[in-house]
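If you want the building blocks of each chain, they are given just below.
2 protein chains.
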Amino acid sequence: MNPEITFILVRPQLPENIGAVARAMANFALHDLRIVNPLCDILDKKAVATATGADYLLGNAQVFDSVEAATADLHWLYGTCATMRHMIKEYLPLPIAIQEITEQAESAKIGILFGPERTGLENDILSRCHKIIQIPVDPDFSSINLAQAVILIGYEWFKQTKLFESNFNHGQTTLATQATTQRFLDDLEQDLDQTNYWREIHKKPLMWQNLQNIFTRLQLTEQDLRSLRGVLQSIKRSTSLSEPD
Amino acid sequence: MNPEITFILVRPQLPENIGAVARAMANFALHDLRIVNPLCDILDKKAVATATGADYLLGNAQVFDSVEAATADLHWLYGTCATMRHMIKEYLPLPIAIQEITEQAESAKIGILFGPERTGLENDILSRCHKIIQIPVDPDFSSINLAQAVILIGYEWFKQTKLFESNFNHGQTTLATQATTQRFLDDLEQDLDQTNYWREIHKKPLMWQNLQNIFTRLQLTEQDLRSLRGVLQSIKRSTSLSEPD
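Read top to bottom, the protein sequences are chains A and B. Final position of the first sequence in my numbering is 434; the numbers increase by one with none missing. Final position of the second sequence in my numbering is 434; the numbers increase by one with none missing.
Hints may contain errors.
Identical copies go unnamed one by one, so any copy, or any two together, can satisfy a pair.
Lysine-lysine pairs mimicking DSS-like chemistry, simulated, CA-CA at most 27 Å apart [what the hints assert, rightly or not]:
(1) K278 - K351
(2) K425 - K348
(3) K320 - K425
(4) K320 - K348
(5) K278 - K298
(6) K348 - K392
(7) K351 - K320
(8) K234 - K320
(9) K235 - K348
Note that these hints are calculated values from the structure, not bench results.
Here chain A stands alone, though its shape is the one from the complex (with noise of 0.2 Å):
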């Protein structure tokens, strides 16, 4: 079980950006949701279908009628604000945040607070928060909404849980044996001393050096090897039917 980070949503007013939020953060294994005074019913009809099958989160989300109430188990709070407010406190990253949440999250539970759409945390909220997580954007085009922040944080924090390095031990491609590999080359070398591809005899080894290469270069499969061997045989069949006797 890797440990969970809370995510705090006050006063959203989207039903459709609740449900963007569940399903962002089932998308990495977060399930701690707590809302603030939704100015909506969280579970809308349009949370649920935005939450497409994480609309499990929206019925065990937690509602509190304050910040304090939401955040009183917690350790460490961090803010989200889309722009850079004039208060004296830690911005970090996102990157940057996250390493510092993984390693606090190890002994403490931390929370992250996501304001109203339209107007973000007010800075009295902010002002209780240990740190704010800033999401890096082009300085010339900055608009991030309520379930891209989530998304993107879901995200970084996933990245460091056990889970995302259990995502990617499948798919592996199985390549040849070289004994396999090492037929298809004699096969094809000598088709080509029989069609005297290399024209001059001189520069066969050169030549011949490039074209294995290419085709170590790919890393070929037993499957892959044998699609190859019909490939030429296909062509030498229909060279040979069209090619005067």
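With chain A held as given, fit chain B onto it using these hints.
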């Protein structure tokens, strides 16, 4: 100028997704959007609305009638797909793919292909891609939509660009000088001496060290120290008022 990468949407269905893709790209300084056979008007008002200011990307998007035409000038093609196909192809976890792409982009043009919302890229198109980018998600809940895939890939790309660094050279706190800090600590110590805070004087050295540690840990600014000095004065004032003479 950073190297660019090209995002190619193949037969996107929903204008709001195309708009969300444009918005996601603009956040991460990506501007080369190409669309193959869109199944809707890419300048539909829903697309423009969800682009929230990045609709210039929709206006500039090139529309093609085949993947071949859309990718003709590119060197490396990366496919995206939600599920593992039975195909011999290198699947790269997003962070690793972006490292590779960043190196390739120094000298070659890169295209990343995204399939239709419902079905993803057909195997026929995937087989034309050099590699496949896999977005790491919880194996128990994997549901990333088109715009979410774009925002995650855009974000990882952006982190490798020079613009990322430029994002974080502001918002530094300016620490108080040691002289100001010392004046505050001296005043505090004097107040505590006068109010007999230490009770037993031999405990003072350790207690005072602990208190000093709290204040140095705070990374206080000049303004913070003025505020704290005000707090102390206010408490002293009310205390001396309420104390019987």
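Cross-check of the supplied hints:
Taking the shortest Cα distances, K278 and K351 sit within 27 Å of each other only across copies (24 Å), while inside one copy they are farther apart (31 Å). In this assembly of identical chains, K425 and K348 lie within 27 Å of each other by CA distance neither inside one copy nor across copies; the values are 51 Å within and 51 Å between. For the identical chains of this complex, K320 and K425 are neighbours neither inside a copy (70 Å) nor across copies (31 Å), given an alpha-carbon limit of 27 Å. Within a single copy, K320 and K348 get their C-alpha atoms as close as 21 Å, and across copies as close as 21 Å, so both meet the 27 Å cut-off.
In this assembly of identical chains, K278 and K298 lie within 27 Å of each other by CA distance solely inside one copy; the values are 20 Å within and 41 Å between copies. For a Cα distance limit of 27 Å, the shortest separation of K348 from K392 qualifies neither inside one copy, at 51 Å, nor across copies, at 48 Å. Taking CA atoms no more than 27 Å apart as the test, K351 paired with K320 passes in both settings, with 25 Å inside one copy and 24 Å between copies. In the homo-oligomer, the alpha carbons of K234 and K320 never lie at most 27 Å apart, since the shortest distance is 35 Å inside one protomer and 39 Å across protomers.
With identical chains, the CA atoms of K235 and K348 are never at most 27 Å apart, being 29 Å at best within one copy and 33 Å at best between copies.
Of the hints listed earlier, those the structure fails to meet are numbers 2, 3, 6, 8 and 9, in rising order.
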